[in-house]
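Could you build all of it, start to finish, from the sequences and the hints given here?
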Amino acid sequence: MSEVIVVTSGKGGVGKSTTTANLGVGLAMRGQKVVLIDTDTGLRNLDLLLGLENRIMYDLVDVIEGRVEIRKALVRHKKFENLQLLPTSQVKDKSAVNPADLMALCDELRKEYDYVIIDCPAGIEQGFQTAIAGADTAIVVTMPEVSAVRDADKIIGELGRSEKDNIKLIINRIRPAMVDSGEMMDMDDINDILAIKCIGQVPDDIKVVTSANRGEPVVGDNDSQAGKAYANIVGRIMGEDIPFMEFEKEGFFAKLKKAFGM
Amino acid sequence: MSRDLVTIKGGKDGFRLLVDSSASMEEIEAEIKKKLEENPGFFPEGTKFELEVADLDRSVKKGIDQLLSKHGFGVDKSPKADNHTADNIRGIKKTGQPEQTTVQEMMVLNRTIRGGEEVTSQSSILICGNVNPGAHVIAGGSIDIRGKCRGMVHAGAWGDTNAVIIADRLMPSQIRIANMIARSPDSMEQSDFAERAYIKDGQIVIEPIER
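Here the protein sequences come in this chain order: G and Y. Those letters in the first sequence? Residues 1 to 262, by our numbering. Those letters in the second sequence? Residues 263 to 473, by our numbering.
Because the hints were derived from the structure by calculation, they are not lab data. The C-beta atom is built at its ideal place from N, Cα and C for all residues, glycine as well. Certain hints may be false.
What the hints assert, rightly or not - When the alpha-carbon atoms are kept at most 25 Å apart in a straight line, the in silico SDA-like pairs for lysine to any residue are as follows:
{"no.": "1", "chain 1": "G", "residue 1": "Lys-33", "chain 2": "G", "residue 2": "Lys-228"}
{"no.": "2", "chain 1": "G", "residue 1": "Lys-154", "chain 2": "Y", "residue 2": "Cys-390"}
{"no.": "3", "chain 1": "G", "residue 1": "Lys-11", "chain 2": "Y", "residue 2": "Met-369"}
{"no.": "4", "chain 1": "G", "residue 1": "Lys-168", "chain 2": "Y", "residue 2": "Gly-421"}
{"no.": "5", "chain 1": "G", "residue 1": "Lys-164", "chain 2": "Y", "residue 2": "Val-381"}
{"no.": "6", "chain 1": "G", "residue 1": "Lys-164", "chain 2": "Y", "residue 2": "Arg-373"}
{"no.": "7", "chain 1": "G", "residue 1": "Lys-11", "chain 2": "Y", "residue 2": "Gly-378"}
{"no.": "8", "chain 1": "G", "residue 1": "Lys-168", "chain 2": "Y", "residue 2": "Gly-396"}
{"no.": "9", "chain 1": "Y", "residue 1": "Lys-324", "chain 2": "Y", "residue 2": "Arg-373"}
{"no.": "10", "chain 1": "G", "residue 1": "Lys-72", "chain 2": "G", "residue 2": "Glu-112"}
{"no.": "11", "chain 1": "G", "residue 1": "Lys-154", "chain 2": "Y", "residue 2": "Met-369"}
{"no.": "12", "chain 1": "G", "residue 1": "Lys-197", "chain 2": "Y", "residue 2": "Leu-371"}
{"no.": "13", "chain 1": "G", "residue 1": "Lys-33", "chain 2": "G", "residue 2": "Glu-240"}
{"no.": "14", "chain 1": "G", "residue 1": "Lys-154", "chain 2": "G", "residue 2": "Glu-112"}
{"no.": "15", "chain 1": "G", "residue 1": "Lys-207", "chain 2": "G", "residue 2": "Asp-221"}
{"no.": "16", "chain 1": "G", "residue 1": "Lys-164", "chain 2": "Y", "residue 2": "Ser-435"}
{"no.": "17", "chain 1": "G", "residue 1": "Lys-154", "chain 2": "Y", "residue 2": "His-398"}
{"no.": "18", "chain 1": "G", "residue 1": "Lys-154", "chain 2": "Y", "residue 2": "Gln-452"}
{"no.": "19", "chain 1": "G", "residue 1": "Lys-197", "chain 2": "Y", "residue 2": "Gly-396"}
{"no.": "20", "chain 1": "G", "residue 1": "Lys-197", "chain 2": "Y", "residue 2": "Lys-462"}
{"no.": "21", "chain 1": "G", "residue 1": "Lys-164", "chain 2": "Y", "residue 2": "Lys-297"}
{"no.": "22", "chain 1": "G", "residue 1": "Lys-154", "chain 2": "Y", "residue 2": "Arg-431"}
{"no.": "23", "chain 1": "Y", "residue 1": "Lys-462", "chain 2": "Y", "residue 2": "Val-426"}
{"no.": "24", "chain 1": "G", "residue 1": "Lys-207", "chain 2": "G", "residue 2": "Asp-165"}
Stated by the list, open to error - Residues from chain G that keep clear of chain Y, each with C-beta distances beyond 10 Å, as calculated:
{"no.": "25", "residue": "Met-1"}
{"no.": "26", "residue": "Ser-89"}
{"no.": "27", "residue": "Met-103"}
{"no.": "28", "residue": "Ala-104"}
{"no.": "29", "residue": "Val-179"}
{"no.": "30", "residue": "Glu-183"}
{"no.": "31", "residue": "Asp-192"}
{"no.": "32", "residue": "Lys-197"}
{"no.": "33", "residue": "Gln-201"}
{"no.": "34", "residue": "Lys-207"}
{"no.": "35", "residue": "Asp-223"}
{"no.": "36", "residue": "Ser-224"}
Here it is in structure tokens:
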């Protein structure tokens with residue numbers, strides 16, 4: 001039973017590519033056969049997060065236009081043999097790929113892989129419509145911020161209009177201390193508005209940035225809160241029932257402030 | 263351009279179409295057509311315009327009549343002496359309601375209306391679900407929301423001042439009833455009971471209701 005998952009958000013900068021990379025590595029660590037497709041043509045960066053930029057030979061546009069076989073364009077991950085990346089072109093734009101092409105490609109990859117994860121571009125235009133075309137499941141990534149939640153809401157509406165009804169939510173970049181002090185929307189507020197199944201709450205963590213710069217996703221790093229959160233999401237995608245974890249507070253000063261009731 | 267030949271102004275009981283009678287029929291026709299097509303769907307089909315005539319040329323009058331009916335509007339021909347200003351400006355009054363029907367219709371939606379979505383109906387609207395921030399619900403009649411209302415709601419959009427808005431939790435960004443607008447306070451508190459908004463003494467009031 002293979003599954004095609006699209007990771008989308010509407011708003012940029014909420015962590016679609018980071019989430020895609022982490023889910024891909026996480027699932028591969030659990031022994032699943034995974035292929036990641038970057039559909040952000042012209043602004044590709046999923047390869048950077050995975051540290052695979054210098055291994056790219058061909059890209060999605062070459063495959064769609066029939067210049068190479070899919071097999072040749074896939075880039076194998078350094079550590080995990082069962083994780084492949086299909087990068088996109090940095091020189092072409094989003095009009096180079098249309099929904100029917102991607103749908104056919106997903107159906108082809110579905111035969112061989114357990115999970116096909118598509119990294120969707122920001123926005124609701126053609127690139128988005130292309131990315132979601134072949135997906136069974138959509139994962140909407142948002143942040144506890146009014147603009148990100150508003151855009152997520154819009155995206156859920158768009159997915160509904162495209163008859164994608166299996167939609168799940170990941171809330172990314174949560175700052176537990178700010179949520180506690182009431183400066184950031186809390187999870188209940190977001191769930192109340194979006195009203196879809198939440199499969200992950202990921203805290204904001206500097207390790208996400210440092211690991212992205214190294215090209216090694218943070219998932220599975222037990223010293224990192226975000227890494228643990230991503231590992232839990234991977235478990236939930238595989239059908240396990242894992243409760244949401246409690247976040248550690250931001251450190252000494254946050255605790256001190258709390259002790260004095262500030 | 264110094265001044266428009268045709269101006270549409272919102273009045274208390276409808277819209278006025280002001281025409282400069284010094285202009286030729288061709289100019290007026292082009293201008294009205296432009297205005298109507300700028301905003302398709304703004305005027306409901308079947309709206310009756312009342313053509314108020316004093317010294318507008320008969321052929322021009324007939325021209326406007328034909329033009330409006332081509333766009334699906336009727337013209338109410340009862341003439342009313344209403345000379346506005348010296349520079350020959352004339353008004354066409356739109357009657358407030360779309361055509362009266364004996365059977366009341368209602369649009370029923372069993373889903374959440376999400377941000378960026380716009381629901382419009384000539385009739386009343388019943389929504390079994392939430393209206394999220396950024397969504398617009400526009401009804402000719404009343405609006406009933408069995409859920410939380412955080413979007414923009416407009417009841418009686420074509421002038422029905424008796425329209426009401428009811429929601430289990432009424433926290434919209436804006437409430438509009440007929441031609442009145444009320445916006446939410448800048449720091450919106452969570453409401454804990456069902457409420458109804460309606461027009462009382464010329465302003466929108468909100469009161470809790472049992473449900």
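Comparing the hints with the structure gives:
Simply put, G:Lys-33 and G:Lys-228 have alpha-carbon atoms about 21 Å apart, close enough for the 25 Å limit, and the pair holds. Restraint check: the Cα-Cα separation between G:Lys-154 and Y:Cys-390 comes to about 19 Å, which is no more than 25 Å; the hinted pair holds. Restraint check for G:Lys-11 and Y:Met-369: the C-alpha separation of about 32 Å exceeds 25 Å, so the hint is violated. Note on G:Lys-168 and Y:Gly-421: the hinted pairing is violated, with a Cα-Cα distance of about 42 Å set against a maximum of 25 Å.
This hinted pair checks out: G:Lys-164 and Y:Val-381 have alpha carbons roughly 21 Å apart, not beyond 25 Å. In summary, the hint linking G:Lys-164 to Y:Arg-373 is supported, as the alpha carbons are separated by about 15 Å, within the 25 Å threshold. Between G:Lys-11 and Y:Gly-378 the CA atoms are separated by roughly 14 Å; this keeps the pair inside 25 Å, and the hint holds. Our distance criterion of 25 Å between C-alpha atoms is met by G:Lys-168 and Y:Gly-396, whose separation comes to about 21 Å.
Distance check on the hinted pair: Y:Lys-324 and Y:Arg-373 sit about 47 Å apart at the alpha-carbon level, beyond 25 Å; violated. A C-alpha spacing of about 15 Å is found between G:Lys-72 and G:Glu-112, which places the hinted pair at or below 25 Å, so the restraint holds. A distance of roughly 22 Å separates the Cα atoms of G:Lys-154 and Y:Met-369; the hinted pair therefore holds under the 25 Å criterion. A threshold of 25 Å between alpha carbons decides the hint, and for G:Lys-197 with Y:Leu-371 the separation of about 22 Å falls inside it, so the pair holds.
This hinted pair checks out: G:Lys-33 and G:Glu-240 have alpha carbons roughly 18 Å apart, not beyond 25 Å. With a C-alpha separation of about 33 Å, the suggested pairing of G:Lys-154 with G:Glu-112 is violated against the 25 Å cut-off. With a C-alpha separation of about 9 Å, the suggested pair G:Lys-207 and G:Asp-221 falls inside the 25 Å cut-off, and the hint holds. A threshold of 25 Å between alpha carbons decides the hint, and for G:Lys-164 with Y:Ser-435 the separation of about 29 Å lies outside it, so the pair is violated.
In summary, the hint linking G:Lys-154 to Y:His-398 is supported, as the alpha carbons are separated by about 13 Å, within the 25 Å threshold. Only pairs whose Cα atoms come within 25 Å are accepted, and G:Lys-154 paired with Y:Gln-452 is accepted, the gap being roughly 23 Å. Between the alpha carbons of G:Lys-197 and Y:Gly-396 the distance comes to roughly 21 Å, so the proposed pair stays at or under 25 Å and holds. Pair hint G:Lys-197 plus Y:Lys-462 does not hold up; C-alpha atoms about 42 Å apart against a cutoff of 25 Å.
Annotation: proposed proximity of G:Lys-164 to Y:Lys-297 is violated, straight-line Cα distance about 39 Å (limit 25 Å). For the proposed pair G:Lys-154 and Y:Arg-431, the alpha carbon gap of about 21 Å is at most 25 Å, so the pair holds. Between Y:Lys-462 and Y:Val-426, the direct Cα distance comes to roughly 11 Å. Compliance with the 25 Å bound is thereby established for this hinted pair. Distance hint between G:Lys-207 and G:Asp-165 is unfulfilled; the C-alpha atoms sit about 33 Å from each other, more than 25 Å.
Its beta-carbon lying about 29 Å from the closest one in chain Y, G:Met-1 satisfies the requirement of being farther than 10 Å from that chain. No beta-carbon of chain Y comes within 10 Å of the beta-carbon of G:Ser-89; the shortest separation is about 30 Å. With a least CB separation of 25 Å from chain Y, G:Met-103 remains clear of the 10 Å interface cut-off, as annotated. Consistency note on G:Ala-104: stated as away from chain Y, and its beta-carbon is indeed over 10 Å from all of that chain's, at 30 Å minimum.
The Cβ of G:Val-179 lies farther than 10 Å from every Cβ of chain Y, with a closest approach of about 17 Å, so its non-interface assignment holds. A cut-off of 10 Å between C-beta atoms confirms that G:Glu-183 is not in contact with chain Y; the least separation is 14 Å. A beta-carbon of chain Y is positioned within 10 Å of the beta-carbon of G:Asp-192; the least distance is around 8 Å. For G:Lys-197, the requirement that its beta carbon stay farther than 10 Å from each beta carbon of chain Y is met, with the minimum near 14 Å.
At roughly 21 Å, the least C-beta separation between G:Gln-201 and chain Y is larger than 10 Å, which holds for a residue marked as non-interface. Once the 10 Å rule is applied to beta carbons, G:Lys-207 is consistent with being away from chain Y; the minimum gap is 33 Å. Look at G:Asp-223: its CB is around 38 Å from the nearest CB on chain Y, clear of 10 Å, so calling it non-interface holds up. G:Ser-224, annotated as away from the interface, keeps every beta carbon of chain Y farther than 10 Å; the closest lies near 33 Å.
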